[in-house]
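Top line first, the protein sequences correspond to chains E, H, W and S.
For the first sequence, the residue numbers in my numbering are 30 to 324.
For the second sequence, the residue numbers in my numbering are 30 to 324.
For the third sequence, the residue numbers in my numbering are 30 to 324.
For the fourth sequence, the residue numbers in my numbering are 30 to 324.
No lab work stands behind these hints, which were simulated from the structure alone.
This structure is a prediction, so every number in the text was calculated from the model and none was measured.
Please note: incorrect hints may appear among the correct ones.
If chains are identical, the list can't say which one is meant, so a pair holds when it fits in one copy or spans any two.
Once the Cα atoms are required to be at most 35 Å apart in a straight line, the calculated DSBU-like pairs of lysine-lysine come out as [as the list claims (entries may be wrong)]:
| hint | residue 1 | residue 2 |
| --- | --- | --- |
| 1 | K227 | K245 |
| 2 | K227 | K175 |
| 3 | K222 | K114 |
| 4 | K222 | K175 |
| 5 | K245 | K175 |
| 6 | K159 | K245 |
| 7 | K227 | K159 |
| 8 | K31 | K114 |
| 9 | K222 | K31 |
| 10 | K255 | K64 |
Now for the letters of each chain:
Number of protein chains: 4
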Amino acid sequence: MKIGFIGLGQMGSAMAANLIKAGHEVTVFNRSAQKARALVEQGARAAANIAEACHGQAVITMLADDNAVADSVWAHDGVIANLPKGSIHVSMSTISPALSTRLSSAHAQSAQRYLAAPVFGRPEMAAAAKLFIVTAGDPATAEICKPLFEAMGQRTIAIGTDPAAANLVKLSGNFLIASAIEALGEAIALVGKGGVDKRAYVELLTSTIFPAPSYKIYGGLIAEGKFEPAAFAAPLGHKDIRLTMAAAETLQVPMPIASLLHDRFLRLFAQGGERLDWAAIGGLANQDAGGQITA
Amino acid sequence: MKIGFIGLGQMGSAMAANLIKAGHEVTVFNRSAQKARALVEQGARAAANIAEACHGQAVITMLADDNAVADSVWAHDGVIANLPKGSIHVSMSTISPALSTRLSSAHAQSAQRYLAAPVFGRPEMAAAAKLFIVTAGDPATAEICKPLFEAMGQRTIAIGTDPAAANLVKLSGNFLIASAIEALGEAIALVGKGGVDKRAYVELLTSTIFPAPSYKIYGGLIAEGKFEPAAFAAPLGHKDIRLTMAAAETLQVPMPIASLLHDRFLRLFAQGGERLDWAAIGGLANQDAGGQITA
Amino acid sequence: MKIGFIGLGQMGSAMAANLIKAGHEVTVFNRSAQKARALVEQGARAAANIAEACHGQAVITMLADDNAVADSVWAHDGVIANLPKGSIHVSMSTISPALSTRLSSAHAQSAQRYLAAPVFGRPEMAAAAKLFIVTAGDPATAEICKPLFEAMGQRTIAIGTDPAAANLVKLSGNFLIASAIEALGEAIALVGKGGVDKRAYVELLTSTIFPAPSYKIYGGLIAEGKFEPAAFAAPLGHKDIRLTMAAAETLQVPMPIASLLHDRFLRLFAQGGERLDWAAIGGLANQDAGGQITA
Amino acid sequence: MKIGFIGLGQMGSAMAANLIKAGHEVTVFNRSAQKARALVEQGARAAANIAEACHGQAVITMLADDNAVADSVWAHDGVIANLPKGSIHVSMSTISPALSTRLSSAHAQSAQRYLAAPVFGRPEMAAAAKLFIVTAGDPATAEICKPLFEAMGQRTIAIGTDPAAANLVKLSGNFLIASAIEALGEAIALVGKGGVDKRAYVELLTSTIFPAPSYKIYGGLIAEGKFEPAAFAAPLGHKDIRLTMAAAETLQVPMPIASLLHDRFLRLFAQGGERLDWAAIGGLANQDAGGQITA
Numbered sequence: 030m031k032i033g034f035i036g037l038g039q040m041g042s043a044m045a046a047n048l049i050k051a052g053h054e055v056t057v058f059n060r061s062a063q064k065a066r067a068l069v070e071q072g073a074r075a076a077a078n079i080a081e082a083c084h085g086q087a088v089i090t091m092l093a094d095d096n097a098v099a100d101s102v103w104a105h106d107g108v109i110a111n112l113p114k115g116s117i118h119v120s121m122s123t124i125s126p127a128l129s130t131r132l133s134s135a136h137a138q139s140a141q142r143y144l145a146a147p148v149f150g151r152p153e154m155a156a157a158a159k160l161f162i163v164t165a166g167d168p169a170t171a172e173i174c175k176p177l178f179e180a181m182g183q184r185t186i187a188i189g190t191d192p193a194a195a196n197l198v199k200l201s202g203n204f205l206i207a208s209a210i211e212a213l214g215e216a217i218a219l220v221g222k223g224g225v226d227k228r229a230y231v232e233l234l235t236s237t238i239f240p241a242p243s244y245k246i247y248g249g250l251i252a253e254g255k256f257e258p259a260a261f262a263a264p265l266g267h268k269d270i271r272l273t274m275a276a277a278e279t280l281q282v283p284m285p286i287a288s289l290l291h292d293r294f295l296r297l298f299a300q301g302g303e304r305l306d307w308a309a310i311g312g313l314a315n316q317d318a319g320g321q322i323t324a
Numbered sequence: 030m031k032i033g034f035i036g037l038g039q040m041g042s043a044m045a046a047n048l049i050k051a052g053h054e055v056t057v058f059n060r061s062a063q064k065a066r067a068l069v070e071q072g073a074r075a076a077a078n079i080a081e082a083c084h085g086q087a088v089i090t091m092l093a094d095d096n097a098v099a100d101s102v103w104a105h106d107g108v109i110a111n112l113p114k115g116s117i118h119v120s121m122s123t124i125s126p127a128l129s130t131r132l133s134s135a136h137a138q139s140a141q142r143y144l145a146a147p148v149f150g151r152p153e154m155a156a157a158a159k160l161f162i163v164t165a166g167d168p169a170t171a172e173i174c175k176p177l178f179e180a181m182g183q184r185t186i187a188i189g190t191d192p193a194a195a196n197l198v199k200l201s202g203n204f205l206i207a208s209a210i211e212a213l214g215e216a217i218a219l220v221g222k223g224g225v226d227k228r229a230y231v232e233l234l235t236s237t238i239f240p241a242p243s244y245k246i247y248g249g250l251i252a253e254g255k256f257e258p259a260a261f262a263a264p265l266g267h268k269d270i271r272l273t274m275a276a277a278e279t280l281q282v283p284m285p286i287a288s289l290l291h292d293r294f295l296r297l298f299a300q301g302g303e304r305l306d307w308a309a310i311g312g313l314a315n316q317d318a319g320g321q322i323t324a
Numbered sequence: 030m031k032i033g034f035i036g037l038g039q040m041g042s043a044m045a046a047n048l049i050k051a052g053h054e055v056t057v058f059n060r061s062a063q064k065a066r067a068l069v070e071q072g073a074r075a076a077a078n079i080a081e082a083c084h085g086q087a088v089i090t091m092l093a094d095d096n097a098v099a100d101s102v103w104a105h106d107g108v109i110a111n112l113p114k115g116s117i118h119v120s121m122s123t124i125s126p127a128l129s130t131r132l133s134s135a136h137a138q139s140a141q142r143y144l145a146a147p148v149f150g151r152p153e154m155a156a157a158a159k160l161f162i163v164t165a166g167d168p169a170t171a172e173i174c175k176p177l178f179e180a181m182g183q184r185t186i187a188i189g190t191d192p193a194a195a196n197l198v199k200l201s202g203n204f205l206i207a208s209a210i211e212a213l214g215e216a217i218a219l220v221g222k223g224g225v226d227k228r229a230y231v232e233l234l235t236s237t238i239f240p241a242p243s244y245k246i247y248g249g250l251i252a253e254g255k256f257e258p259a260a261f262a263a264p265l266g267h268k269d270i271r272l273t274m275a276a277a278e279t280l281q282v283p284m285p286i287a288s289l290l291h292d293r294f295l296r297l298f299a300q301g302g303e304r305l306d307w308a309a310i311g312g313l314a315n316q317d318a319g320g321q322i323t324a
Numbered sequence: 030m031k032i033g034f035i036g037l038g039q040m041g042s043a044m045a046a047n048l049i050k051a052g053h054e055v056t057v058f059n060r061s062a063q064k065a066r067a068l069v070e071q072g073a074r075a076a077a078n079i080a081e082a083c084h085g086q087a088v089i090t091m092l093a094d095d096n097a098v099a100d101s102v103w104a105h106d107g108v109i110a111n112l113p114k115g116s117i118h119v120s121m122s123t124i125s126p127a128l129s130t131r132l133s134s135a136h137a138q139s140a141q142r143y144l145a146a147p148v149f150g151r152p153e154m155a156a157a158a159k160l161f162i163v164t165a166g167d168p169a170t171a172e173i174c175k176p177l178f179e180a181m182g183q184r185t186i187a188i189g190t191d192p193a194a195a196n197l198v199k200l201s202g203n204f205l206i207a208s209a210i211e212a213l214g215e216a217i218a219l220v221g222k223g224g225v226d227k228r229a230y231v232e233l234l235t236s237t238i239f240p241a242p243s244y245k246i247y248g249g250l251i252a253e254g255k256f257e258p259a260a261f262a263a264p265l266g267h268k269d270i271r272l273t274m275a276a277a278e279t280l281q282v283p284m285p286i287a288s289l290l291h292d293r294f295l296r297l298f299a300q301g302g303e304r305l306d307w308a309a310i311g312g313l314a315n316q317d318a319g320g321q322i323t324a
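Whenever a hint applies, use it, and build me the whole structure from the sequences.
This is the structure:
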């Protein structure tokens, strides 16, 4: 397929590379142009602006937050203004369900198509084409994008026809991961202070009752007390918890663990922890117990 | 091996049955004698009292709580008074680390051996000999018990020589499961109120980022809103959270999610929910959101 | 003084009436004009629009929230466009510190003056000219407004020269009141379920260790379980907690009780409690204990 | 009246001194005898053991916790064994409602009388005979003790005939004070980081919406960041929160602020804060915000 790809961060670069590898004709765009270079070497075309990335059957956005996506879409030379009628905007960023709904309406009004397709997975999973992709929107549109998703992920799961649903599911998933980080942080602080070897404990947990990647990755980081370099920086994690809480407020759903996580992030930042991986909130329980966040 | 088995609840009965099946010579005891009948049919000998269950190389206790274990051990005709010198008390109940330490000392003083070997797994896992067994204590003693553990579990993991460590690990594991229940409850309340199908959501989660039995079992129960019959009753779950909090208090480790869980259980009980599975605390978020605990 | 008064809700109407009573020349404006009638009978002049309320030495705004204030100030025919140079905008609404800072800059650029002067007190205190007024800004400006504050309040306290400080103090005060409501709710649920008469309990508390109006008023409402009619509606209370949390997020100050209050309000609203007094969050602990929010 | 007084800590010594001053014939006892000396100089008789303090119309216990009271009462030479028939045990310590109920039964079985009469007030209030005394039990018994209470307190309030009620009320009162400490801690951390002078802030609050001694005393300590010397040490405060939580568990009343306070105390102790005043938990919010507990 002939497609555009906007947003070449750690995740986006890896995803675009896999699209190229799979034979798609990819035009990439990033605000700071040097990030496009490596991809051009792999076969991408570099767009000078957003408009140039909108000439194909689909354009994928993989950007940092709601503002970045809204800017790219509604700017004078943005996606709405340039995407051909009938072409598809595949929104893969972690954004608010509310923005997803607005995007869906706006594209419909411009006779364009919109598909929400946020992803689960850290940069190394993106690089290995092992992402999980959650889609919501028109099934026919999702069908067209199938080869793209197969190039980037290990599995694609449709969760309904309301695009906002996919974004809500994505946020709730990150909430669940952050909850597991906090719970692991408390458990590891407890057994550690009780004299149990932290690494052996995580190995025990993840080879028995919690054989899930999240528990392995984050349990390991917490047991090591090693939160740098960040694969997913704490401010991004905080952003997702805030979006979760905003959605929960709109829907009137109290979420006490989300509230706890929000306070954990603020505390981490008040100590200068913005550069750490979001797993670092799992070190605060150890600090509460009289120890350190990092080993 | 010639062994005794004290405590024939849902878990204990299944475990004893597997020991018999593996060829061990098992003398069973339970306070209400009729529970022994089915096992006698399978080949067990029924003891008239605790003393009669203490004549072998090892005696296993699998009882409801600290009090039940302490009663069995220190009663006039209890384990301490009757277990032969050199024989092993294998304590598999979920008890406090503090009691485990006291048991270890008491048996040492009586020239008996003690091994802490709590288990992870619900009744159906016990029946299938799929338990995870966490041991702590003297390695030689653990080695002797190996055939017993192989008959009951899918995996045995040693976590050190201090028996209390195994009990602390067991409690922390139940804390982690309860934390996952609460987090799932909040997430499912959120996406459900947002229009997402709850069962499809749990299927999505557990086939992607959380491929762990706890998430499948408890996510499923919460999505269904079905908490009866109880495989692990809420008061037992609450007991474990209280033991976790007691250990955390002794070690001076604040655990905010444990505190939240404690309040969740009290709220469930104040509504008459004692008979429900502990997964029912995962229905309280839905009640907070204006819905019901049960479907 | 010749002044304007914008915003004639329960609070504003009472405040404006006291200004008239004290002999000030007051021009009043409210979006729905009928609220001005009673004040006109008491001697006010009714403005047809915001501009007409801006012709004096000062204009007071007493509006529902940030949006209402921003609209009044920056509208085409708003305060900024019409207030004479040197005249004062006295902002008495409960707004965010961030908006107060923006207002201060905007007025300075228009050669107007700005004073933040939020108030503590419920409608009956406003009617009795018993408000507490917290001011922040230029001391000379505050001095000019002194006769106005004396007509409306029992005490005026300056808290510095940065206008945002007064708004932060006001929000923090409402946070403290809401915290007292929640704590009273928990305590009253406890002693009530323990067989103590709830009204006698509140009488005991407020005649001994907590002789403060907040404890009397809110303790009384919770003991009675009577939250209608609302003197300060729950959505307004929630708004203030959200503004507090927003300020806390900007300043990176984790506030766990604020988080708890936020979740309490969401839960109240999910049950249809928007019409109740904000004291109704103090009834949720009783609901948690198996009882009802309202008696 | 001829009375005994058992327990001469900071509070008990001051209370006993006021009883002597009021003309009562007081026999004092304390485990470490030197504490009795100052009171003997003021006119007390020193008892060599508990039995000698039990020969009057009433004996008052003012001890540290449940264990100390139970030991004094049920010891071989304790209160139950020595108090004359018809004489009164006035229990003024902060103890659990459950122990109060047990004491009431035990004294009734021994044909003695029992009155629960816990107090509110810090040592300086005890010295000034300004305590608030909450009584529960037989009204005729309370009437007999009236002159004693008048010598020690500024006000005596009866809260029913079930002795446990007074103890529950006392615990709930300390819970409310601790809640105010936590809320003040969060509010002061917020406004302080926002640039407001902390002392001026507390002065503002306590001269307007919170004119209550608790807010003045604890707000002042938190604003100063000065928690030594302790008038009421943190471990005693923690004990009261634990007793509150135990009563709440028995009554099935979830108390989320109590849970938060429990975790706050554990965190304070994990940092070595046992010697500080319980107001120090109000410094943890400042630590969360990147500052220090103490100034």
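Each hint, compared with the structure:
1. K227 with K245: both (12 Å within a copy, 26 Å between copies)
2. K227 with K175: between (42 Å within a copy, 24 Å between copies)
3. K222 with K114: between (62 Å within a copy, 34 Å between copies)
4. K222 with K175: Between copies, since 29 Å is at most 35 Å while 49 Å is not.
5. K245 with K175: This pair counts as both: shortest intra-copy Cα distance 30 Å, inter-copy 27 Å.
6. K159 with K245: Both: 17 Å inside a copy, 21 Å across copies.
7. K227 with K159: This pair counts as both: shortest intra-copy Cα distance 29 Å, inter-copy 25 Å.
8. K31 with K114: Within one copy only: 15 Å inside, 60 Å across.
9. K222 with K31: Neither, since 56 Å and 38 Å both go past 35 Å.
10. K255 with K64: Within one copy, since 28 Å is at most 35 Å while 51 Å is not.
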